[in-house]
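Chemist: Based on the provided sequences and hints, a complete structural model is requested.
My numbering puts the first residue of the sequence shown at 11, with every later residue one more than the last.
If you're looking for bench data, these hints aren't it; they were derived computationally from the structure. For each residue, glycine too, the CB sits at the ideal point set by N, CA and C. Do not rely on the hints blindly, as some may be mistaken.
Computed cross-link-like contacts, DSS-like style, restricted to lysine-lysine with a CA-CA straight-line distance of at most 30 Å [unchecked claim]:
1. Lys49 - Lys26
2. Lys26 - Lys93
3. Lys93 - Lys49
Here are the simulated distance ranges between beta carbons [stated by the list, open to error]:
4. Pro103 - Gly78: 17 to 25 Å
5. Glu73 - Gly94: 30 to 38 Å
6. Pro20 - Pro41: 28 to 36 Å
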Amino acid sequence: MPIRIDEYQPGSEEAKRQNIAWLCDDDFELPNQLAELRKWVLSTAVDLEPGEYSVDIAFSPREGAAGGGESIPVEVLRVMAEKGMELYFSEYPPFVEADET
11 MPIRIDEYQP
21 GSEEAKRQNI
31 AWLCDDDFEL
41 PNQLAELRKW
51 VLSTAVDLEP
61 GEYSVDIAFS
71 PREGAAGGGE
81 SIPVEVLRVM
91 AEKGMELYFS
101 EYPPFVEADE
111 T
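Modeler: Pasting the structure below:
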């Protein structure tokens, strides 16, 4: 689920949530996810009607990471704000590959 994007119907809770996009499949690395989100926002989200949306990024810390990474450009933040998108970060523990155990 690395990036789940949902639309909410006005005046409702979970019952009216509709998934509109999944990005990154099983890639939990935040820099890769933010790059894909940028592409999606600038190619697809720009055409959405303003409303209530959530963008939930499920990420896991990169092994050996010592700083650096990706940013969210102002252009992307502007589109997200204009469309009514709230951004959530869901942090998961590092994953251990089956052959590493």
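Chemist: Broken hints, numbered, in rising order?
Modeler: none
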